[in-house]
Structures are given as structure tokens and as C-alpha cells.
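Using this note's numbering, you'd call the opening residue of the sequence shown number 1291 and step up by one each time.
I should point out that these hints are in silico values taken from the structure, not numbers from a laboratory. Treat the hints with care, since some could be wrong.
Unchecked claim - Simulated crosslink set (DSS-like; lysine-lysine; CA at most 27 Å straight-line):
(1) LYS1496 x LYS1408
(2) LYS1494 x LYS1526
(3) LYS1486 x LYS1424
(4) LYS1526 x LYS1496
(5) LYS1408 x LYS1384
(6) LYS1408 x LYS1419
(7) LYS1424 x LYS1526
(8) LYS1486 x LYS1526
(9) LYS1494 x LYS1408
(10) LYS1526 x LYS1408
(11) LYS1408 x LYS1424
(12) LYS1384 x LYS1424
(13) LYS1419 x LYS1526
(14) LYS1486 x LYS1496
(15) LYS1408 x LYS1486
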Amino acid sequence: MAMAFLHYPSPSFRTTSLPTFSVPITPSSRLSLPITPSLNSSSSRNRISGFRAKSLNWVFSGALAFSLSLTVLRRTVTNFVGVGFAEAKVGVNKPELLPQEFTPVIDVAGFLSDGQEKRLAEEISNIEKDTGFKLRVLAQNYPDTPGLAIKDFWQVDDRTIVFVADPTFGNILNFNVGASVDLDIPRSFWSRLAGKYGNMFYWKEKGEDASIEAAVMAISNCLREPVGPNNCSEVK
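Working from the sequences, and respecting the hints, build out all of it.
Right under this line is the structure:
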């Protein structure tokens, strides 16, 4: 399984893979995904395994911040199709920035009030109870971030959505989407969500907290919709 990092600062995404997740999503202006030929040989699979191991050291770093080329990572029987990456920022691992007790919302950037954090935590708890999916929110300003440390803290798996709110690259909304989530949620939803509530004009006018709250509610509404050809077609 593998995990994809999604960042939307411009009409290009950042995506990478993490063990146990798989999902790359393109921006709304580039919804077609290039897929490379299937990798059937043992040497190819070994190269993919090596890449995924290295990716693990990058995913929760940088804004969870790094620039990756448009990629596709799909599971086809036992083969993985299409993996690529470009430059990455230096990884960050600061467990000292983690709270002492578990919480689904970590705000090291100070974007949220105590009341907002509490409301978001309650909504996230209800999402998990009602849908089985785990939403986790990290508000940060790179490089001031727990980085890699959040993976173990949150026990990230293929049913987890890690939402990183970081204005460093312009668009404040960044997502790591688990493979099981990708089965139910259209990939275009994430690009439309980032375009609506993550753009610089929105969060500079209304505040970073408004973008975070609006995104969480949009994700909540989407996850509660019946799975079908038209689910999550609107960002509510």
C-alpha cells in the first residue's frame, strides 16, 4: 500500500508515495493521469520497493513539503504502475512539537483558537465513528513542523487522510490520501477543494482558520455521501 502527498500551490501538484497508501491526484486543469507500462520484472519491482522506502523518509517532511512531479501509483494485481519524483526539501522530524496526549488536530502554527480545535476534533471523531475513515489535521509553517513524527503519533494507515494546512507555498491545503480513501473519493474532489478553500485570496481574506474549518466540513460532507459515480461532485 502507498500514500500520496497532494499540494496545490499552482496548476501543478506535489505527490509522493508512502508504504500502505496509493493516490496521486492532479489539479483540476490536468485531470488526465499519465500511466506508464506495467512493471512486471523482479528488478523493476525491486526498484519500486527501493523508491517507496526512500519516499517514507520524505512524506511527512517539508510541508509535508516537497515538490514532486505528476505521478501515478496504482495497484494492479501485484504490479505497481508509474512512479516518478523530482526535487524534495530537507526532511523534518521534530517529535518535541507533538502534544503529550493524542489529538486529531495539531496546530503548531497557531492558526486555530482552542475552541476551534475542540470543534474540529469533535467533527473528526464523528467522521471516524460514522464512516470508518480517519481525518487528521496538522497546521504548520514549514520548517516548524513535527514532520515525520506524526506518522507514528497518528498511526497513519490506508484509511487515513492527513490534511496539512501550510501557507508556505501559496495554497494552504495539502493532503495525504490513503489507498482505501481513494477507492471511495474521486480524485478530482481534492483539487476542487484546494481550489475553493485553499487559494491565497481565500485564506488571506478570511484567515487560515477559515480555510481549515471549511476544508474539514467539506471533507466530512464528502465522506458521508453514498459512494457512486457522482459522489463528492460538489465541494460543500
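Quiz item: Given the proposed pairing of LYS1526 with LYS1408, does the C-alpha separation stay at or below 27 Å?
Solution: 21 Å, holds
Quiz item: Do the alpha carbons of LYS1496 and LYS1408 lie within 27 Å of each other, as the hint requires?
Solution: Distance of about 20 Å is within 27 Å: holds.
Exercise. Take the C-alpha atoms of LYS1408 and LYS1384, compute the straight-line distance between them, and say whether it is at most 27 Å.
Key: 24 Å, holds
Practice problem: Take a quick look at whether LYS1486 and LYS1496 sit within 27 Å of each other, Cα to Cα. | Solution: 13 Å, holds
Quiz item: Holds or violated: LYS1486 with LYS1424, Cα cutoff 27 Å?
Solution: Answer holds: LYS1486 to LYS1424 is near 22 Å, not above 27 Å.
Exercise. Take a quick look at whether LYS1424 and LYS1526 sit within 27 Å of each other, Cα to Cα.
Key: Status holds; Cα separation ~19 Å.
Quiz item: Quick one, are LYS1408 and LYS1424 close enough, alpha carbons at most 27 Å?
Solution: Satisfied, since the Cα-Cα distance of roughly 16 Å is no more than 27 Å.
Exercise. Would you mind confirming whether the straight-line C-alpha gap from LYS1486 to LYS1526 stays at or under 27 Å?
Key: Satisfied, since the Cα-Cα distance of roughly 10 Å is no more than 27 Å.
Practice problem: Would you mind confirming whether the straight-line C-alpha gap from LYS1408 to LYS1419 stays at or under 27 Å? | Solution: Holds, because 17 Å separates the two Cα atoms, which is no more than 27 Å.
Practice problem: Verify the proposed pairing of LYS1494 with LYS1526, using a straight-line Cα cut of 27 Å. | Solution: Distance of about 20 Å is within 27 Å: holds.
Practice problem: Given the hint that LYS1419 pairs with LYS1526, test it: the Cα-Cα distance must not exceed 27 Å. | Solution: Given that 27 Å is the threshold and the Cα spacing comes to 21 Å, the pair holds.
Quiz item: Can the restraint linking LYS1384 and LYS1424 be considered satisfied, given a maximum Cα separation of 27 Å?
Solution: 23 Å, holds
Every hint, counting from the list given before, is met by this structure.
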